[in-house]
Amino acid sequence: MNAARVGAPLDLRALIGAFDDLLGRRVSMRALALLRVLAGPAVLLHLQPFLSDAADGRIYRDVFYQPYAAWYPELPDQVYVGLLWLGAAAAIAMSLGLLTRLATATTFAVVTYNLFLSTTHFHNNRAYLVIVLALLAAAPCGRELSLDAWLRRRRGRAALDLSAPAWPLWLLRFECAAVYGASGLSKLLDPDWFGGTVTWQRVLRARDDLETWPLPDWALSLLTDQSFHTGAAKLIVLTELLIAIGLWWPRGRYAAVWVAVVFHLAIEISASVQVFSLLAIAVLAIWAVPSTRDRVIRIDPTSVGQRRWGAVVRRLDWLARFRLEPAQPGSSLEVVDRDGTALRGAPAVGFSASRLPLTAWFALPALLLPGLRRTRAG
Amino acid sequence: MVSVVALQLGLVARGYWSDHKEFAFQMFPESSTWRADLVRVTADGRRVPIERPWSGYRWDELVTDRGLSYPSIRHHADAGLENQLAFLGSALDWVASNTPRDRETRYLEATVTSWHNDDPPRIEVLRSPVREGGG
Chain A
1 MNAARVGAPL
11 DLRALIGAFD
21 DLLGRRVSMR
31 ALALLRVLAG
41 PAVLLHLQPF
51 LSDAADGRIY
61 RDVFYQPYAA
71 WYPELPDQVY
81 VGLLWLGAAA
91 AIAMSLGLLT
101 RLATATTFAV
111 VTYNLFLSTT
121 HFHNNRAYLV
131 IVLALLAAAP
141 CGRELSLDAW
151 LRRRRGRAAL
161 DLSAPAWPLW
171 LLRFECAAVY
181 GASGLSKLLD
191 PDWFGGTVTW
201 QRVLRARDDL
211 ETWPLPDWAL
221 SLLTDQSFHT
231 GAAKLIVLTE
241 LLIAIGLWWP
251 RGRYAAVWVA
261 VVFHLAIEIS
271 ASVQVFSLLA
281 IAVLAIWAVP
291 STRDRVIRID
301 PTSVGQRRWG
311 AVVRRLDWLA
321 RFRLEPAQPG
331 SSLEVVDRDG
341 TALRGAPAVG
351 FSASRLPLTA
361 WFALPALLLP
371 GLRRTRAG
Chain B
1 MVSVVALQLG
11 LVARGYWSDH
21 KEFAFQMFPE
31 SSTWRADLVR
41 VTADGRRVPI
51 ERPWSGYRWD
61 ELVTDRGLSY
71 PSIRHHADAG
81 LENQLAFLGS
91 ALDWVASNTP
101 RDRETRYLEA
111 TVTSWHNDDP
121 PRIEVLRSPV
131 REGGG
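These protein sequence lines are chains A and B, in that order.
Position one of the first sequence corresponds to residue 1 (the working numbering), numbered consecutively onward.
Position one of the second sequence corresponds to residue 1 (the working numbering), numbered consecutively onward.
Treat the hints as calculated values from the structure; they're not laboratory data.
Quick partial rundown of chain B residues pointing at chain A, CB under 8 Å, derived from the structure: (1) Met1; (2) Val4; (3) Gln8; (4) Glu22; (5) Phe23; (6) Phe25; (7) Phe28; (8) Pro29; (9) Thr64; (10) Asp65; (11) Arg66; (12) His76; (13) Ser90.
Each residue gets a CB set at the ideal place from its N, CA and C atoms; glycine is no exception.
This is chain A alone, in the form it adopts within the complex (with noise of 0.2 Å):
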């Protein structure tokens, strides 16, 4: 037996320790209250078909459908229905944060519940939704941006702890890049949709629409092209793959968090996917570092321009990325990051905007710039 043997088990404890370590480490639940808020219209998007069959007097088995499980409870045509209408309310509440854990594992188990009643329920973004919302009705993520919140504080009380055990994060990561992952990979395993085969089918059979949208020729026929299909596959194989692994590496995080975000806009125009693009971009907040007001924004109060941009920063920092501070008069804006790097100025402004929810997709290429790199390098 040598020394490495005698060591291995001891290696084998040390790495379980510091994965439970990691699970268990209480970290800031913002990302997940804000995904909560914004997964509610996606419950809205994804019943809104259902409650309308219901409005015209048809459910599920009044046209074809096929059970998963002969076992599977199935409700009567009224109970079915005011259960959807209860799926619906509760993620309003849910959104609100109005009896937030309740309204949260309330919306899932509705959703959860339908989802099941048919194979022909079944579509990944459903899954999706379904995944999301088990998660969020595990954390307890009604705790800010909430009425619950607010009612306490109206009431006196003391707020609850905002942080909580992280396993629930990094579940949803994990979800998150296995749904870009698998996907990347079923592709990949296929010679046809590596090839271009799939892709270029798919555009010919769809020519009669591109004609109609205002493309010049060469673009039509670019697009028509087999050769061009060739490279274009493989592009949207490796960017999916890429957006898996990138979300996981903090320097590429957010190039990642970009690209998917063009991903699932040029999904959105091209193919009919429900309320996939709405809830995947909505899940990619959890990829923000899960603390909370640890940059600082140093703001003249005696500068109008200042102020506004305080004003915006409030208002947009769903993450609560910020901390805002009164600067000397006279000094411009700064912003302190985390590693105590300060940047002022344009920069300081280009760089809150791309830690800000609503901004960063717009403003995070502007870090790209040489001035704003040798700022912070500086």
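Go by the hints and put chain B onto chain A.
Just chain B now, kept in the frame of chain A:
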């Protein structure tokens, strides 16, 4: 946590052989297309196209989902051919057993032409079980 991760990875792997690929996240898997000639085969051997209403039923009112309402028109198989044809087979079975006013149909039959990506067409026949009391 570990069990959920293992379950998810298992479901991703299962997607490579299951028809419906639940939680396998295989998006836009194929450019395959399909069409089918659907008929009702009656007790006296007639083959009646499904486009004609019968006994107060209409196919496109009974089967409204998964791109199956108008099978004679060539469609994209959104989630792949295996998935699409599995749904078509199940739809035949469901219609055969949920049309009690129909007393003449013995079974439903679909002659399916499918094109897997850019492969040559393949023809296969799907049939519902023989209906009890049909004819």
